[in-house]
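Chemist: Sequence:
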Amino acid sequence: MSDLGSEELEEEGENDLGEYEGERNEAGERHGHGKARLPNGDTYEGKYEHGKRHGQVRIGDLSGWFTQFNTLLAIIKFRIDMNYIINVFQGTYKFKSGARYIGEYVKNKKHGQGTFIYPDGSRYEGEWADDLRHGHGVYYYVNNDSYTGEWFAHQRHGQGTYFYAETGSKYVGTWVNGQQKGTAELIHLNHRYQGKFLNKNPVGPGKYVFDIGCEQHGEYRLTDVERGEEEEEEETLVTVVPKWKVTKITELALWTPTLPQEQPAADGPGQGEAPGAE
455 MSDLGSEELE EEGENDLGEY EGERNEAGER HGHGKARLPN GDTYEGKYEH
505 GKRHGQVRIG DLSGWFTQFN TLLAIIKFRI DMNYIINVFQ GTYKFKSGAR
555 YIGEYVKNKK HGQGTFIYPD GSRYEGEWAD DLRHGHGVYY YVNNDSYTGE
605 WFAHQRHGQG TYFYAETGSK YVGTWVNGQQ KGTAELIHLN HRYQGKFLNK
655 NPVGPGKYVF DIGCEQHGEY RLTDVERGEE EEEEETLVTV VPKWKVTKIT
705 ELALWTPTLP QEQPAADGPG QGEAPGAE
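In this note's numbering, the protein residues as written are 455 to 732.
In short, the hints are calculated from the structure, not lab data.
Since the structure is predicted, the reported quantities are computational estimates derived from the model, not experimental observations.
Straight-line alpha carbon distances no greater than 30 Å define the calculated BS3-like cross-link-like pairs of lysine-lysine that follow: (1) K548 - K561; (2) K661 - K624; (3) K635 - K654; (4) K624 - K702.
Build out the structure end to end from the sequences listed, making use of the hints.
Modeler: Written out as structure tokens, the structure is:
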């Protein structure tokens, strides 16, 4: 399922607009912890720096950037539990549409770890950079599908796993600009396909591995064409369908380690030869 239908709404910039309650610096800028209600009806609560939403969590556990001693000092200073301290370093932006973002900011942009809950109920949990999904993250779709893996500039890109909730199948492999492309494995309940993919379709050589203990080798060829019935004046719809052609069926190829064989001691020149490779 595509995540393009659940894009973020535009967050309103803040140049001292709307209602604000919180800390300011000597220049009168929003600086520190504060709450704001923006002119468009959105709200934000969290950390500011020089008038912009800005805050990153640096204490997830006692082995992080804070030492145990510094963490203890922080707890004493705030006189509240660790959850509040973490919230101080993040922000919560609520859209009037019902969407919301809870996470880290740098200069008014989502940057670092954060969770975005979309109006349709889908959500993304993971890394952000410059207001875009970027790094490692998990996207939960409204149909209960999910994607776990790498993101680049808001798109699924790199290594990732897409789980299809309706069938229980999952695609494990390479993504390029949001599309399944490259070497991957499509895992079903009682068999799997291993090969290369292009635009969600398998292409070229590959094999099916069945749980009953055999493999079916073959190749997907993009040769079949279906033509839709259209009026003469309109363009004819052309759909290329990959077709599987079997080449052979073999037993399940199990990997077993090969132990090095001991070489017999040579008695002298010309006395025997080392076994050659088959």
